[in-house]
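Engineer: For the record, the sequence lines run as chains L and G.
1 is the number of the first residue of the first sequence in UniProt numbering; add one for each residue after it.
1 is the number of the first residue of the second sequence in UniProt numbering; add one for each residue after it.
Hints are supplied without guarantee of correctness; some may be wrong.
Only part of the chain L face toward chain G is listed, based on derived beta-carbon distances under 7 Å [said to hold, decoys possible]:
| id | residue |
| --- | --- |
| 1 | Arg26 |
| 2 | Val28 |
| 3 | Asp43 |
| 4 | Val48 |
| 5 | His84 |
| 6 | Val106 |
| 7 | Phe121 |
| 8 | Gly171 |
| 9 | Val172 |
| 10 | Gln203 |
| 11 | Tyr239 |
| 12 | Gln361 |
| 13 | Ser362 |
It should be emphasised that the hints constitute simulated quantities derived from the structure, not laboratory data.
By construction, the Cβ of each residue, glycine as well, lies at the ideal position given by its N, Cα and C atoms.
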Amino acid sequence: MIHSLFLINNAGDLFLEKHWKSVISRSVCDYFFEAREKAVEPDNVPPVIRTPHHYLINIYREKIFFVSVIQTEVPPLFVIEFLHRVAETFQDYFGECSESTIKDNVVIVYELLEEMLDNGFPLATESNILKELIRPPTILRSMVNTITGSSNVGETLPTGQLSTIPWRRAGVKYTNNEAYFDVVEEIDAILDKSGTTVFAEIQGVIDACVKLSGMPDLTLSFMNPRLLDDVSFHPCVRYKRWESERVISFVPPDGNFQLMSYHISAQNLVAIPVYVKQNISFFETGSSGRLDITVGPKQTMGKTVEGLVVTVHMPKVVLSANLNATQGTYNYDPVTKILVWDIGKLNPQKLPNLKGSLSLQSGAPKPEENPSLNIDLKIQQLAISGLKVNRLDMYGEKYKPFKGVKYVTKAGKFQVRT
Amino acid sequence: VSAAPSAFSDEKGGSASEPEYGHDPASGGIFSSDYKRHDDLKEMLDSNKDSLKLEAMKRIVAMIARGKNASDLFPAVVKNVACKNIEVKKLVYVYLVRYAEEQQDLALLSISTFQRGLKDPNQLIRASALRVLSSIRVTIIVPIMMLAIKEAASDMSPYVRKTAAHAIPKLHSLDPEQKDQLIEVIEKLLADKTTLVAGSVVMAFEEVCPDRIDLIHKNYRKLCNLLIDVEEWGQVVIINMLTRYARTQFLNPNINESLLEENSEKAFYASDDEEEEDKKAEPATLAKRKPYVMDPDHRLLLRNTKPLLQSRNAAVVMAVAQLYFHLAPKAEVGIIAKALVRLMRSHSEVQYVVLQNVATMSIKRRGMFEPYLKSFYIRSTDPTQIKVLKLEVLTNLANETNISTILREFQTYIKSMDKDFVAASIQAIGRCATNIGEVRDTCLNGLVQLLSNRDELVVAESVVVIKKLLQMQPEQHSDIIKHMAKLIDNIQVPMARASILWLIGEYCEHVPKIAPDVLRKMAKSFTNEEDIVKLQIINLAAKLYLTNSKQSKLLTQYVLNLAKYDQNYDIRDRARFIRQLIVPTDKSGALSKYAKKLFLALKPAPVLESPFKDRDHFQLGSLSHLLNAKAAGYQELPNWPESAPDPSVRNVEVKDSVCAERTVLTGPEEVPTRVKCSSRKDRKEKKVEKPFYSDSEGESGPTESADSGNCESDSGSGSASASGSDESGSGSESEESGEETESDEEEEDEEEEKKKRKKLDKTKAKKQAEESAERCTIHTIHQISCIINFDQFDMNKITSVFSQTLAPSGSIKMYELLHRIKGEGLAVEYCFSRQPFSPEPNMVAVQIQFTNNTNSETKNLHIEDPRLQSGMRIREFAEIDVLAAGESVTVVMGIDFCDSTQAANFQLCTHTRKFFVSIQPPVGELMTPAFLTENDFKKEQGKLMGMNEILEKLTLGEKCVNEHVIVERVTATANLSRVPCGSDKECRFAGKTVSSGCLVLVTVTTKEGGGAQLTVNCEKMLIGTMLVKDILQALSQ
């Protein structure tokens, strides 16, 4: 299936290659570079590129292109999903997935890639199994290793791979047994010029951090499970219990993982936490324009809106911005043409406002379209959909675990058209 | 993060690797420094310190990762293949796999290490040895690989078997000649019942022999049932394969609808409300046609894949979606829309692929995605390729009811800064306008407004689209044509210029004054135009010549003369052709009479079609679908068969003890009918069981299908024709599936139905439990008969041994599962009944006896929460509803111990309490008798020599005076059967392990003076050793 993998950075340097079958010359990447050039933006590189003898399937993540080489028919999503899994594993191991960390940890990267695929078919992709095979680097371990010459390859062989629950390793032991769940909801919305909602929905995930000894069997139940319109689960969740009782029953993996993601449909009215009053205009003469943006709270359920950021992708002709912000700081990057206004906490008494003039390239026609605004925000202790966890029960183990649930609402793809 | 360097990036490693970057481009001393550097690596590899070796290997691997050539180190590296340090070893493997192909001879040095590894008692070492061995692409070792794969395919450990499955495509690509042998291994592994192996072997199947659909038949139901527990990647492969399989084996569930489509296509497409249409259609077609009945196996597949739509893995969701799209009845396909829309939240690459597939689906089944219309709205931050695809979907979804909303959206898109996207939006508007008559004028007006747009690309695209729209009703729009004629002065985009010229030429009678003037202008600029524009100028000239020769005769001549000397031969050809056709000369042929008809014929309006139309002849979700071209190795999705192939091929031989008993009693002629009957029954039962989620707790189902009363052909003579029984079978089936189609519409009904069925099951199970208790007492006869039916050796052997079979004469030992005090009055005992466990022959049957010693009823006795070693499985007994005070009841459950003596732990639950219990089998219970002739025995024994043979001397106990006692003791210890033997000093026994079917051969040779020698031959050394211990103990007592 997957023949080879090449990692290429944004500048077009090929900095890692790995082959699972016969070696394929790196010149195959020329086709990729060609497509990359044509696409201008890295986002626009087609995920599947056809070459005379191979197919290149690539993803772009953290400023790195993961380019895989395929020779025969394979579902493209299979490869894409796997490549993302690789990137996530790197992130999991090294804290971030960047060119420098990959170069620094090239041996571990290679060992990981070796375990993740066999002859191009995924073998071990569960983080719990991989961590037993190859321990992630830590400062302490690398120091001990250099002194004692011991290795970061696990001496014990993974138990999870052989069990019926491959996501959990055996013999987990903690002195403090704790299970934390974060309910994170993101609002995806498109608002039109007048502020009416064109489209809005809520996408939520429940991230878990479970550090429990032994083989706990957990059941998580909601006060209002009917809210959830569409769900997808980590493989550990018993789908049948969800179908029949609307509870989430599972033997958790050890450590951090995403338990489920859900979707609350547009039919339920989605609360929009802020409103934006904006007026951006460009003048036909004088190569200038005006910008005036005010943000105010709308439906915040009595909570404070934090981390408010407004991002505007300006038209190409905007050279600079001379603005005045009543709160927070703004920054206009004339290269990427992105205006970022970092507001911070939203004070309902004194609404933040950004006002001033834009100067345009002289002689160029005025832009036809006003740029749309992208809003980013965060509301702590609130799940905007109203979803509430009822209780968490544990079976199969005797001790009393520490339990906690946290709610957070964020803006997802939240766009205001102008 | 830089503060947390790995072993490699610490100062030492860093300084060691940095110069490598620096040195290479330095042109002068490359070679010397190269050699020097490699010399010190060699030195490090030769040292006897593991830390130095490790350091060296890390640097070498870093070189490989960067694509540097490190092949000259091969001899130094390969020496370390047997290194004790596990990380060094792993890195050596990495190196070896990378360079073995280039250094074949040297690579052979390492082979013996792997061969040794293949015999290691640790399953993970065996697996890794096989993995590396099979990854070394050296043709000389093909026979060794073949042997290793064959051996590993029957390994006790499922993990090793999985590795064997992975090795199959490797060997196949190395040497395609081995295909036939590999197919045998695949066939064997396909029969494997563990989830670990299933995905990998299907992958191997897809790569080696995807056309051998016949290998799937017997494993079809098993695969369907295992599916939910297979790992994600395996699920994708299995689902894709099963889609193809189902297309060859089942009937098109939409057959009635497709008929209808043919009959009244117009009406069908005109109606938005497909549901309504369906209802109307049903009675009509039902009258005409025999009703369609879905094969229960088809239903099984659909049912078992549905929960996977909730998977977190986009590839799995897509695989299920395509399965439903290709296989499900129309009414059920809708469920996939929600899941696909969910995937759109994922990474942009995932979005890209999903949108491509949604685009194809939305053409065929528009209604499915209509509720999610807004999810396809475009954000300014989307990458262009995503925007264009979303636009495609939106256009496909447009209909009379939602067109106004969609057009409003499109209006915002046209203002976007992304010009490619704007162009695509204009095309989308054009398509909406052609498809939906009501909005054509609105769209046209909107597009005409765009003609005054400042951006030329936008104008050009509008011109092209307007041209297409005008063709539909040119008469009403001569002013638009005039407007466009004016544009020709400014527009530079060739496609747009060509479009305008064509329009003017085609409708020159609507603009009689302007047309010759345009031709005049174009004649002037002819030489500077692009080719497509030149061709249209010639066309325009020809058309004008025919309609208005007075004004344009000279101009036409002029243009044709210019074209005659053009560089492009297409244009020269066209000019010559047209000149002959339109300019009357004395020699002009018959054609010129028809010139006017040729040029000014009424042209049909273009149909603006989605580029995704008819892409669904490729399997959705495949690479070929995405590329719209057949990729290498793509397997065509077959068309539905006209009539369904025989469904009985999927029947797995059902081992039903009661049936078998009769078979023996009444004679061998009846075997075929009996088997058929029971297997059909089994099929029905499977339906009832609904194994929806294979890890579900409640599911148990009847443990044995042993009820004699129900079998229809019971009383029938042995010659009851197969066709007759078939017919009655299909009758009852169609009844059932009739119910099912009904229940699809009314889910509640179905649920009720399920409950009823469950109840029925329970009562059945109870009956069986009673029966099995009875049976236990007369187990001697049973044993004989069951044994015969269960044996996989052929009949000849059976008959030859028939007279000699014996059963253990001693009573079966009971073990305590729960003491009455600990169990608060509930006492539970179990024994290994040595009966074959009919639902799953790989399981050991455990007979459990509950006795209620309390004064009150105990309710809801069942098993919960089995805690099993990997690979082990249990099949629970059906829940016992009530156990009255003082009563006792016996049930049978099955446990697959995977040929190990590990205990199976589980909870025994009553309505009030839960008890932790465990069942640990003696090694002797892990086998079933096998019947061999003396010759076979010797032959098999010959194969199991060496490591597989264990010899032990012993002194027989006082009571072991004769052969009879020895036989009794041995058969009591282990579930073996006696093998005939010529010598009276020797007793031979044979059996097979229940789970994997490995032969176990036991020989006891008595010597003078109470001495004896015990020989055990078994491929599984662990079992052999334990068995020796047990038999020794039994014999020396």
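Engineer: Take the hints in turn and mark each one as holding or not.
Structural biologist: Structure-based check of all given hints:
With its C-beta approaching chain G no nearer than about 6 Å, L:Arg26 sits inside the 7 Å limit, and its interface hint holds. For L:Val28, the shortest C-beta to C-beta distance to chain G is roughly 12 Å, which exceeds 7 Å, and the interface hint is violated. Using the Cβ-Cβ criterion of 7 Å, the hint placing L:Asp43 at the interface with chain G is satisfied: the shortest such distance is roughly 4 Å. For L:Val48, the suggested interface contact is upheld, since its CB lies about 6 Å from the closest CB of chain G, less than 7 Å.
For L:His84, the interface hint holds, the least distance from its beta-carbon to any beta-carbon of chain G being 6 Å, beneath 7 Å. Restraint check, L:Val106 versus chain G: the minimum CB separation of about 5 Å is within 7 Å; hint holds. Because the smallest distance between the Cβ of L:Phe121 and any Cβ of chain G comes to about 5 Å, under 7 Å, the interface hint for this residue holds. Nearest Cβ of chain G to the Cβ of L:Gly171: about 14 Å, over the 7 Å cut. The hint is violated.
This hint is violated: L:Val172 has a C-beta 15 Å from the nearest C-beta of chain G, more than the 7 Å allowed. At about 6 Å, the closest approach between the beta carbon of L:Gln203 and any beta carbon in chain G falls short of 7 Å, and the interface hint on this residue holds. Given the 7 Å rule on beta carbons, the hint for L:Tyr239 holds: about 4 Å separates it from the nearest Cβ of chain G. For L:Gln361, the suggested interface contact is broken, since its CB lies about 14 Å from the closest CB of chain G, more than 7 Å.
Taking 7 Å as the C-beta cut-off, the interface hint given for L:Ser362 is violated, the closest approach to chain G being about 17 Å.
When held up to the earlier numbered hints, the structure conflicts with 2, 8, 9, 12 and 13 and fits the remainder.
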